[in-house]
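Engineer: Taking the hints into account, I'd like the entire structure generated from these sequences.
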Amino acid sequence: MKSAPATPYLLPPDGLISDHPWTTEDGREIPELLEHWDPHTDTLVSRIVEADVDKIRSACQLGGDGTFALTASWYSSRTRLADHAAPVEFGHLRGRVRASVSLLVPGSAAGGRLDLRTSLVLRSAGDRMSPIAPRREGATLWTDEVRVALEGGSARFPTTAVDFRELPRFPDSASWALEWDSEDLELPVLGGMRLLVNANHEDLMESLRSGSQDPRSPVVRSFVTLDVARTLVHGALNNERFVEDPESFEAGSIGRLLFELLTMCWPTVPVATLVRRLQDDPTRLDAELQAHLGVLA
Amino acid sequence: VSLVIPRLDRAKAHELVDEHRQTPLAELSARMPDLRPAVTYAELSAERVSRAQLAELRRSVLELAREHGMPDDGGPRDLSNYEGRLAALLHRALPMDPHEAAQEEVWSYLTCCWLLDVAVWRFRRDAPMERFIGHLNRNAFRRLWWRREILGDLDLTLLGEDELVNIMERPTLFSNRRLARDIARELLDRVQRDGVPDRMRLMREATKRILRLTPFVAMSSLDDAQLRLLVSDGFDAASAGLAGQPSVMATRVARAAREASPEVVGIPTLSVVTASEASLSTTERADRLGSFDELAEAALDIARRTGRVTNGALREVVPITSEEGREVFRELMERGQLVRRGVKRGTHYVLPDAQIASSDAAVSPEPERAAREEESTQIVAAVARGRPSDTALRRLLQRRR
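Protein chains in written order, with the working numbering: chain D, 707 to 1003; chain P, 10 to 410.
Some hints could be false.
[Said to hold, decoys possible] Derived DEER-like restraints, expressed as beta-carbon distance ranges:
id, chain 1, residue 1, chain 2, residue 2, range
1, D, T937, P, G83, 52 to 60 Å
2, D, L739, P, T32, 41 to 49 Å
3, D, S916, P, L220, 36 to 44 Å
4, P, E268, D, T713, 26 to 34 Å
It is worth saying that the hints were derived from the structure and are not from the lab.
Positions of the beta carbon are idealized from the N, C-alpha and C atoms, including for glycine.
Structural biologist: Dropping the structure here:
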């Protein structure tokens, strides 16, 4: 907890306001890094704040009928945008009070670092307040700020949600498709490859959403991962240019991603051996990939 | 529909600018769009912008630039009008989420691959690199898109560059769309209504005054009308200051009480009291404290004997709380029997007759503290001297013992 900067009016001493941690929708305390955040995910957080309003009135030399409100706001370092929840009014309650406040942070307007700020503000100084009591409506009496990192360093596979009815190449009811050119491996992964997911398939979208709590989510994800990995492995091993010199591709390129995928799944097996295995016994190759990725494990 | 735009990394953007910026403008225009560089997209995305959409964007921007003099040397004629219209055009043609529009690489792509000739014409070919790569406040197009995003439907052609920079390059104002719009609207209203002679200085002074309040006032707690009033007060104070008059921003206080929100509840408090106190009824406790008049008389007695009385001194002799003490003093002040002096911990009360005599010493904290320490000693000593014997103070002291 920290108090507001030096003010031209009295502030309540520490201890009269106590804040509980911000929690996410599932009731867990918000972590320093929100792992599953993405710009398509809105984040709902809430917290409880307790205050002894009589003692605050007294410490700030406000009138006995002075009133307060609690405000919560967010600020994103990426977009430099801020917004706030509707203030929670304390009215004329006396003694110790407990208030809950919630904030909805739209993913489309956020990114980078998220600052969550909670403030206790003056609504009305009441009658017979001291000349050095806070007077202005909205005067900040107490502030707390919590910082949360939204975008971690972990890489995500490039994915685009699209209604398959608008794509003549694919059946309307197909669930997903990997869009890439296995002959052009120099392109950057984030520009030359993407997993198209049928936006019209609501259950699938929910299962693949970051941080989804859907119990089907792990199974769906493992099938999609296996399907994509299998397509990539087969594409790599059928590309002569790749097989000739698999280590020659730049970091961030599709060729480098393929090389890293093969190295991760078959760390001790040369690429040339994998090419022969694909020709001689493709079922074994697919089973090994399945085992490595732990499908349904 | 929110679009996703290709991204061009900074190194490639530098290469393109270095390659093209010295090219004659007509030739540079002929090279646009330059689609050679490999680009990337957001990892998770919805609809990607199509090449046809970008071609239409370029066509519209060129049409506007030609209306304002492109390719003539010297940049756009009627700059405010050009940039205001361009801001609206960009925002309409590029419906992006703020998250997407906050990516440097998006603006590097749009500028370097599609609109480099327009940017070079606007800022000249020797302009800093920040005008061409997607710099936050400097990129030729990013800054305009964001003006429209933050200021909404306001007619940006009516605002000067310096006036816009006053809002857009101050994170506290930029981040709060309501505040940013109110400031811009207030300036335009005053210009239209009063014909402000030096509008640039007025804008600078007003924004400074409003910014000074932000550490102390939670703008998020103010409703739309209150915020507009605060902005108007800032402009009033700035106008007065520029006219050489006293210029203090009005302090707005709440007019009507607000009901408690449903999200707030009182917490029951457990009080620890002695068995003997717990058995007393409210009436009995009041009797034990004495009547209000007795308390008031005790306070006046202290003031008469020592020249002053404080809340602490009164509580030395009667078992009341600080708030009850304040109540006694409020009543006595309303009756005109005491006058308040000093502030905060130095607050004390004197008899009206002593008002003039004590006023010189009332604001110095050190004498206040020393006086407080001596006060209860003086009270007890005064009572011990026994004059007069039947004061309210004496009765209360006896009862306390």
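Engineer: Are the hints correct? Go through all of them and say.
Structural biologist: Hints versus structure:
no.	hint	in the structure
1	T937/D x G83/P: 52 to 60 Å	holds, 56 Å
2	L739/D x T32/P: 41 to 49 Å	holds, 46 Å
3	S916/D x L220/P: 36 to 44 Å	holds, 37 Å
4	E268/P x T713/D: 26 to 34 Å	holds, 27 Å
Checked against the numbered hints listed earlier, the structure breaks none of them; every hint is satisfied.
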